[in-house]
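Engineer: Could you build the full structure based on these sequences and the hints that come with them?
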Amino acid sequence: MTDASGIRATAHLSPLLDRHEALGAKLIEFGGWLMPLQYGGILEEHRAVRERAGLFDLSHMGELFVEGEEAAAGLGYALVTDPAALAVGRAHYSMICAPDGGILDDLIVYRLAEQRFLVVANAANAGRVSDKLAERLRGFRAILDDRSLATALVAVQGPRAVEILGPLTEVALDALRYYAVAEGRVAGIPALVARTGYTGEDGFELFVDWERAAAVWDAVLAAGRSVGLVPVGLGARDTLRLEAGMPLYGNELDEATTPFDAGLGRVVKLTRAGDFIGRAALEKVARDGPAKRLVGLTMRGRGIARHGYPVGRGGRPTGAVTSGTQSPTLAVAIAMAYVAPADGEAGTMLEVGIRDQHVPAEVVPLPFYRRPR
Amino acid sequence: MAPPDLRYTKEHEWVRPAGETATVGITDYAAKQLGDIVFVELPEAGRQLSQFAAVGVVESVKAVSDLFAPIGGEVVEVNGELATRPELVNEDPYGAGWMLRLRLTDAAQLDELLAADDYDELTREG
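From first to last, the protein sequence lines stand for chains B and G.
If you count the first sequence from 1, you need to add 3 to reach our numbering.
If you count the second sequence from 1, you need to add 59 to reach our numbering.
These are calculated hints, taken from the structure and not from any lab test.
One should not assume that every hint holds.
Here are the computed lysine-lysine pairs in the DSS-like style, where the Cα-Cα straight-line distance is at most 25 Å [said to hold, decoys possible]:
no., chain 1, residue 1, chain 2, residue 2
1, B, K29, G, K121
2, G, K69, B, K29
3, B, K287, B, K272
Structural biologist: This is the structure:
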């Protein structure tokens, strides 16, 4: 029913758009891209990923390749992490910050070779990250190759992911650890196979050439049908990541937020030698403590907390909800919120302003959901 | 296709009149547009509703949507089942997914509502 014709004229189009339309997807604009929100229904897709497997088109993500003698050093200056410490074939979660410590984007950095890295950025920020990297890599012997519009990304997530992908690739999936990456083939097509994801489940992300994406999508979908794999849109991607306590840029993370505010101070490598952009500001936050604290909330009264709803403690304002939904797995309403540091201890009872009511909510440890191992 | 015996609003509520009372819900079209409904907030029994006033909330996984009273009246019954099984609105919007039963203030207000044909026309364009 979505009238996508207006968006279609201005948005980037996934190489898998015709597949989504054939599957009856409802499409939305997200981060400048026309992408599937849902195919069947969000709840059904969410449960499929938790119980079996889901197939995601993530071609909107930005893929930035950095190569050269000083690629590691240059990225170490540009980001808050230390990519030089990564072994070849490994990845880590990272962030790119402004000089004042505000988060410009959260990233995954993969070390593909001694002198070659892949930086994956959020769709809405990919252009900005690309520009900032280009600027910050000046003076380093490193080349930035923004292949966002030439690289498709397909993810297979869920407990049956290994079983589905295994027969399609010669990459030894059992030996591929969490946050590891290998070059190989999937359904005969060259791919980077990474054991990463954004769902809280085991799974893989497959980076492939734009032109070959449809063949990989079709092969995985066909291979997974018998075990109940379904295509999954951005709607369930959001509920899955929220249950897993993973931040979303634009909700939990933005330029007014430091990694320490978001409870992700461990990502910032302050003990390493050498400068990086944001270092001085982040050292100060680490020393003085953050001004706000990201917490998990479980609603203890009727109502669903949503992005922007006010949070109070005993009638005194303390913060705001960043993301909230009815958890399909836990069957309770859950949310993430920023509150004053003193109000963020697990077990604290807060209230969320939902329309004209103050609905009780309890601070709980994140994540809300942890997969059984 | 909307059931022919009901009346509709442009905001996608339906009314099934039965003498002095009427049953109210949201249409299949609305339920499909919202997607999986996970929360329904309804007014308490006894409350007096004005026609077209916002009286409740229907939430899907992604969206929050107001429920408007398609017709004025006193709430005589609410579908309590929806508190624990909001998915009934998706599964059976004109049956088990009903929301309110009202004692009508003025049956003439029904004339302000759309017939099924007109509602179908609206949702075809929409």
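Engineer: Which of the stated hints cannot be reconciled with the structure, identified by number in ascending sequence?
Structural biologist: Going through the list in order, the structure violates no hint and respects every one.
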